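Protein chains in written order, with my numbering: chain A, 3 to 405; chain B, 611 to 1234; chain C, 11 to 140.
No lab work stands behind these hints, which were simulated from the structure alone. Be aware that a few hints might be false.
Below, a list of computed lysine to aspartate or glutamate pairs in the EDC-like style, where the Cα atoms sit at most 16 Å apart [unchecked claim]:
| # | chain 1 | residue 1 | chain 2 | residue 2 |
| --- | --- | --- | --- | --- |
| 1 | A | 147 | C | 66 |
| 2 | A | 129 | A | 51 |
| 3 | B | 701 | A | 194 |
| 4 | A | 301 | C | 130 |
Nothing here was measured: the structure is a model prediction, and the numbers come from that model.
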Amino acid sequence: MQIPHEVTARPDTGLYNAKLGIWLFLASEVMLFGGLFSAYIFLRMGAEDGYWPHGLLNVPVGAANTVVLILSSVTVVLAWASLKMRKFSQYKLWMGISILCGALFLIVKLAYEWPQKFEHFGAFIKKDAIAKYEPYLDNEGMKRKKLAPRVEVSGHLHEVTMTYDPKVWEGIVKEQETNLQQIDDRLKSGKESKSVTSELERDRKRIAAKLKEMPSVKLENFLPKHDLEIAKEGGHGGAAHHDPSVQTIHSTKMHGSERAGVTPATAEKLEKLPGLKLVTFELGLDPINADPTNPESDKPHFWYKGSTKTHGTIQRQDVESWSAFAPKHSPYFAVYFTITGLHGLHVLAGVLIMLYFWLPVEGGANMFKRNPEHLANRVEVVGLFWHFVDLVWIFVFPIFYLL
Amino acid sequence: MSTAALTHAHDAHAHDDHHYDPGFWRKWVFSTDHKMIGIQYGVTGLAFLMFGFMLMMVMRWQLAHPGEAVPYIGGLLQTLFGSSAFQSDAKGIPGVLTADGYNSFGAMHGTIMVFFGIVPVAFAAFGNFVVPLQIGAIDMTFPRINMASFWCFFISCLFMLVSFVVPGGAAKSGWTSYPPLSGIADLGPLNHVFMNGQTLWVTGMVFNITASLLGSVNFIATIIQLRAPGMTWMRLPFFVWAQFVTAFLLLLAFPPLEAAGVMQLMDRAFDTSFFMPTGLIVNGATTQWSGGGSPILWQHLFWFLAHPEVYVLILPGIGMVAEIIANNTRKPLYGYKAMVGAIFVLGFLSFVVWAHHMYMTGMGAKVSAFFQVTTVMISVPSVILVTALMLSLWGGSIRFTMPMLFATAFLPMFGIGGLTGIPLAFNAVDLYLHDTYYVIGHFHYVVAPGTIFAIFAGVYYWYPKATGRMLNEFLGRMHFWGSLIFINGIFFPMFLQGMAGVHRRWYDGGAAYEQIIKPVIHWNNFMSVSAFLLGLAQIPFIINFCWSIWYGRKASDNPWDSTTVEWDTPTPPPHGNFTKEITVYRGPYEYSVPGADKDFTPQTEAPKADKPHSPTPPAAAPAH
Amino acid sequence: MSQSHDHGKEVAHGASHDSGAPADHAQHDMHLGLYWGIGGVLVVFTAITVWLSYVDFDKMFAGHGWNIIIGMIVATFKVCLVGAIFMHLKGEKPLVWKFLYFTLFFVAGLFFLTLLHYVDPIFGTTHAHH
Ligand code: HEM
Ligand SMILES: [Cu+2]
């Protein structure tokens, strides 16, 4: 069975099926990215003053990646033209370059741009505490210059200090053990109906599993020995021990290794531990916070050049929210990662399809001998998709990197 | 290699087809044949309609008898759905629907009915089965993408079903899934990070949307590219037009919701704040989100889809009813061209009315005014469609066949649904009626005795083509009268309750507000009894549907004496559909044409003058 | 997978090519240079976009958001080039253009109607900004 108009155009529309199909698909893609970009605009318009960051991305790298995509757009169209002219080796060449460009783009994103951000630390300061951080922020200066206030201190996390109360943790374990005991008692009594019994058994399993997990989230087991330094003042034998009604509190420090510092991800895990409270963050400040009066950082981009040697301290209690420059850091990074992530998936899909058409397989390059026009159509269709991916990036680049 | 069955005009059983034996898996499971995919969509969708209805019957029990265990099957329900949805009462009798359970069932009822019931049946199943046949095509343009669409849909079904049995139960934030509620739901320490109701819901929806997109590309491309020679645009049956516009609505309105779904997934899985406002307080504690997001943003993106979606729910139904009315009045549709125009205007306008669902958000008077105007405007094409269908009945010699009974009932039912919507367009009125049972009554008249009746009409009408057997008339009539009476018993009192102030999504049926709504609360019982009887009334249908596949009366190729091309095939149609070359010579509804030898003239019948051999099809016909 | 079933009429339309024959030689040869040229223009405009972002247009025009507007105008220009030349929209069939018109209209609706939200919010319903 042969579907009509697979290769040749239908006269009244002038299109072959796949070309019509890809344009319809692209229409829906326009709406998909339209939805995301409208979210970007909506969130940016709604952001409070100072909460929409600028200049956090690496412009030279972004610009270089833009050029890579533009180049691949040229070569993919040349690959198609080569097929139209029935020049097979040229087709292989241009298509090969397009594939490599796509792959290069992805590598730069995944191996260079993204990981950098997950290492970087930023904390939004509470409104009522912001004055305390004036030396890092220079909001007086910003006000004078009629610029939006700075609300965030960022840099490389070197150290966190915390207090730890093992009693809380023990309490939770106790509670779960009591629960388990109660369930066992009820089960043993034999008085429960069938459906209740099955429920109890399900609960029992869940709690038992949780209890088994508990030791691994205990601070002592969680941190490598050399990272954990029990501070003298609040540690063993501290005042707390004399009064049995006061819980034992250890004040603890965590150093990172020389190179990486404490990763924000580790600090996040710590904060979730029962009984543990973060007290301060010790950072190597970003240039903008190390030297806040420098007019350079008012310019639109002061892309991340690595943190300075200047040390800064932030009290956890002054912080509204903190994290790595990860999606959850702020709506800005949320949209940034979502749009570039989805765009990256499109790049990946494009690369894979182009690879398929390039390899000597039945539906790919081998088709040239049998039906070159069909292969040309396929390449035209993937080309249209590829140009669309390029086109999205042409908007992404200024929107996130520059404006 | 030659072209398909189409060219084997002289040979009734073309050899291509004769040897077409794809084996069990390719024939029944991973089929690329549009008819099989249509049937797969249909069976899955009908099962989900049934499931969604059963959820609602449990809820109706709770509304009529708050806090009482569901009789007979309470224990079973509790074992199936677990302790988050059902508990035992004070005496230890299992099967009391919990508040969480009620929320779960309500949210999943809405989701399942809309995205897993109606759209798969009305759009995907009938569209797949009927459209290629009606335009004289051998299949869809992209059969493999068609198969991918169904399996994508199937995966989304699994997500939804699994979500009922994970700890915490299925999604509970309504079918609208409004944040911040949906952002914090099911995220407690007892929930799995991924295997929890709301996260599975969003993920399932992303798959469901992808399936719809793949389907709609296929439908549009098929209708544009694969019309048989002579099948010009104005010779398309109205059903094809309806599917065409519906496919565009899905294609362009769904992606923003897909984007929103991805964002909600990010909010839940990666703690972003797309929809989480600054300083959100939950259970007395400030949340740890960065904030800065907007719940209103979700509402915009959601309703950007969900308003066009209501037309996705109804347009295929109108299309089916139009076919059936023309066929059973033995008369052309009244105002076919106006109807085509109206359906386009309707599709177009449906993209700019969405915020009439958001009058309560405080988006401002100017915005409300804009959407109020567009909403009132969109009622014009809707009225044109219904009026044209009503007028089509005028002066016809109506045959009340089974499909026609349902199609006729559709008109007043859809009419009630449509007319009760008009007050809601005005924002001053809506501020009062918003989120009351009045709204529930309004849209259910559109989708239940509206679309579902159209679906029943369609099933009775095309079942013979799909299976080769007729459905039983007597069982059909039992099904029809039972359904018509009891469905009104459920939905009409909703208007009364709603106007008196009964709010939707109340777990106790309003017992807590009894002082205020006393005059109408007693209806709860009546409505619930009606719902159970409506359930009973479906039994004849289910029996009929299963029994007739093997034992029904044998159907001829064109049992309804219809004009359109899908009846010009063997019954059931073979792979490749047609055993002769299809050329279309006339419009879709040439019934009772004066001077013709029969009271219907099939679209493929050549004009008398050049009947013997007609080398050129009339219009600028595309070649195959 | 042959296309021989297509009626001769279509070939006469010039819409299709014989399977083996090199098609439209001259025309595509001419285009090769054009494609490289457009690629070059796009690269140049990428540089211009970066450069423009250093210019403070808000100061220049005493307004708000000018950099965004100008940046978007440049991006739109680039996108039009990609569409017109690489995607062959220049001279594309009317059907494709129709799809595009509708799509662009609806995207515009999505953008601007959601933004109406910020036009006259009811007091106290959205958090303060600016
Ligand atoms: C024919 C049988 C049906 C009955 C008896 C029924 C009944 C109900 C009732 C009573 C509610 C309100 C629940 C509450 O607010 O607490 C409801 C909600 C809803 N129904 Fe139905 N319904 C039926 C069919 C359908 C169909 C066919 C559709 C869709 C196409 C549908 C879509 C919905 C939706 C979207 C909601 C709102 C859910 C929510 O609040 O999130 N229903 N239904
Ligand atoms: Cu609406």
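Find the hints from earlier in the document that the structure breaks and name them by number, from lowest to highest.
-> 4
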